[in-house]
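Take the given structure of chain U and dock chains R and F to it, following the hints.
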Amino acid sequence: MIDAIASWMLQFGALSWLGHTGASVAAVSLVGTALFIFVAANAIVLVYVERKVSAFMQVRLGPMRVGPMGTLQTVADALKLLVKEDIIPQFADKILFRVGPWVILVSAFVTFAAIPFSPTWVPADMSIGLFYVVSVSSVVVIGIVMAGWASNNKWSLYGAMRSAAQIVSYEIPVGLSLLAAVAVVGTLNLQELIHAQAGVGNLFHWIPIPVPNWFIFNNPFLFIAAFVYLIAATAEVNRTPFDIPEAESELVAGFMTEFSGIRWALFFLSEYANAAVVALLTAIVFLGGWQSPFPDIQGARIGMSVLAILAILWTIYVKYKANRFSIYPLLMTVVLAAMAWLFPAFARWLANPGLIWIAIKGGTIIFLLMWFRWTFPRLRVDQLMYVSWKVLLPLAMINLAGVAIWMWLTGAINLVG
Amino acid sequence: MTEAEIYDLLVEKFGDKMVEFLGEEKTPIAVVQPAALHEVITFLNTDERLQFDSLMSLSGFDLGGGEQPLGVAYHLHSMSLNHYFAVKVLLEDRKNPKIKSVNDLFRTADWHEREAYDMYGITFEGHPDLRRILLEDDWEGYPLRKDYVQAEFYRGMKIAKEK
Amino acid sequence: MTRLNAEEMVLNMGPQHPSTHGVLRLKLKTDGEIVSHIEPVIGYLHRCFEKHGENIEYQMVTPFTDRCDYLASMNNAHAYAMAVEKLMGIELPERVEYLRIIFAELQRIASHLVAVGTFGLDVGAITPFIYCFRERETILDLFEMASGARLLYNYIWIGGLAHDIPPGFVEKAYEFLDYFDDRVREYNRILTGNKIFIERAADVGVMPPEVAISYGVTGPNLRGSGVDHDLRRVQPYSIYDRFDFKTIVGQGEMGTVGDCWDRYYVRVLEMEESAKIVRQALDQLPAEGDVKAAVPKKIRPPKGEVYFRSENPRGELGYYIISDGTNVPFRVKMRSPAFCNLSVINEIGAGWMISDVIAILGSLDIVLGEIDR
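If you read the protein sequences in the order shown, they are chains U, R and F. First residue of the first sequence: 1, per the working numbering; consecutive thereafter. First residue of the second sequence: 1, per the working numbering; consecutive thereafter. First residue of the third sequence: 1, per the working numbering; consecutive thereafter.
Everything labelled a hint here was simulated from the structure, so no lab data went into it. No false leads were mixed into what you were given.
Straight-line alpha carbon distances no greater than 27 Å define the calculated DSS-like cross-link-like pairs of lysine-lysine that follow:
#1 F:K51 to R:K161
#2 R:K158 to F:K51
#3 R:K100 to F:K51
#4 F:K276 to F:K246
#5 R:K26 to F:K297
#6 U:K390 to F:K195
#7 U:K94 to U:K80
#8 F:K195 to U:K321
#9 F:K29 to U:K154
#10 R:K146 to R:K158
#11 R:K88 to F:K51
#12 F:K86 to R:K26
Just so we're clear, the structure is a prediction, and the values are computed from it rather than from any experiment.
One chain only, chain U, in its complex shape (with noise of 0.2 Å):
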């Protein structure tokens, strides 16, 4: 994508004095900058929704008075951060204080460099695309510490030890659920991997129903491989249950006990810029990316058909099972099902791989790392380690294995040959 702004650059005739050079480091500011925004507008558009979904949750309306259904709480909650004192402990280590916040911005905004979001759109189509994701993001690690030593604070330290613990604990099973698919496909490209999940096929090869060529859907293995990559990465990125190093209710905030303002605003950027990761990660490496769920057009209408009937079904269920009634789910999906059947531009545009797909697919991961959240009590630090060290590490080592033997079953791969 980069190449191709700078290369349009060079043809557009006002830019073409910059060179190869200049035009490459424009492009390459430019996309940064986009990036910027859109990790920047992540974070409020997330911390809207989690107080939403929370407060839906916990049957309360959330914020109600900034802006309609308010939607601009989280832009006033900012602008305040922004303007706040910027407070920095008397006995705190001031370099190392300053710095922490950024370098966990960095390590999480410079993530999405590598993060297809579309066929077309990949800031930079790198051949070790998910090498680079998975080590980059870890850099989160030397940030909290820097902010934890620094702070000066028992609390902080404490949540600095927690969370270096648990992030170098849970990069294994991470990596490795994630080699499974490298595995399946041969390459660390990520483009290559979502192109690799394109069509339709057998769920989990023999079983003869449609699903889409997703490596969640056409092998056991990787299907097992996802939910152990969705646990490991929801630690990873400290989130409830695995939330122990910011531990409200133990550790006051952990790592950003002394934070305040601005800082503490980088802190909530990068929280919610690795949610994203981890969430578009999932729907890319798991879920098919970019790629439409629909082959067809007539696939498109016929699964937005399935998915009204499915709704329809869940509708009954609810009201006999909990008396309740939502028309909301059932009137959506039906129009969208006529929608589709009437209108086949709408068909061909479900049908089509797209932005659109990524988005719902990181944005149902992401409401599920919520409802974690809003639900789920706090695992204790030696539980952690234990479900890393004893449970997912094995089980990802066993997939591993799996998902060679599945190769050699289904014929991907010729042992003797």
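Positioned in the frame of chain U, the structure of chains R and F alone reads:
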């Protein structure tokens, strides 16, 4: 067992170390000589027939300043036999009131004795950690004594006067 | 080989900390995550209840008792009123007794709701807390109907009540009970049976019965340790002998008897029992009766002393009152349950991790207003 029966048992065992029994009170209570208190409570705690395993409350009190004695009341309950008994001692020496701690029998006495020390200045001998508990460590005087005079200042802060 | 010079670190938890349930300070000696010694420092909320009590008239003490355990004001005022009534030998009208039971048990539900919710909060589950508060609000609405206040009621007077319940109260109360009936199932679904919650609470902070009794731990904490001791049963005061309810005792379903989970679950089940008592009391409530019939014109108890104890949501609440025959108490001592319950924390909490200490503290359900008085 009723309180009167328990008192009879105690008189049988300790004789004139038991001062009197106030059976007509709403909560009958026996008065014991301070020197014998620990023995009496140990007996109440360990005797087969009594088994007072729980100290419900330990309260200091002051019978009114001047020459009146301070005192400590012990309210006991037996979880296993479900009966009650109360014992109190009167400490004549207001300058240096002393009584043996029952912390070795009931762990709950730890904090209760600290509180009585905090409020009345009663020293519990044998208490492992007799410090003020509710008030500041450097508070002057024992506020629940009837002859307590409120200080003017505490660490330079003016203490508001009542009335 | 040289050893690293490792020392224990003193970690100051509180007085400002999200999980100390008020202004409690715990001095933790820690070795990494492991806590080797806990020293509670209390007194930050000391409001001189006993000193005040010696300087004001009997009825004027009631608002102070309300403020001691601010989550169970009704129970506190009830116990104090009963203590003074015992000292004066007042016989109460039936209707007053029933209404007091209704309020005391509703308050017990409300208090346990906070305990259950905040325990969830301490182990990291935020949503159950809000659910519990939703139910508590309904109870507070009932209290507001009767007394005009939502937290500190000053409703139970010596010898009666401040005023009779308003019309429609009984219906509202029934409505609440019907609604509350399957709430416990909801809590069990969202919290009690949650695997992570069980991991966090079961087998943690086990309090053996001997330790509990020796430390004077009472109430749900004692029953969680498997001791069948409920003052409403053991020494029925007021009219508790007329109602049919079970004493809930910890069974150790998920771990050892006396662990945090047991203490938590005893509270959950006790709410059901309290709801049962309220229902029976509402059924039997006499329709007629002046709630102020027995309120004495002058509260001037005869010379003497009384120790009266009752079952507060947190345990055994005792009042030791000495009267010198005037209208001002000579000595009011409050034996507060949370005071004794907290003193056990080092015994059961040392050796566990920081997170566990918070869970144990949450499971003890302390109220600082009552500890410091």
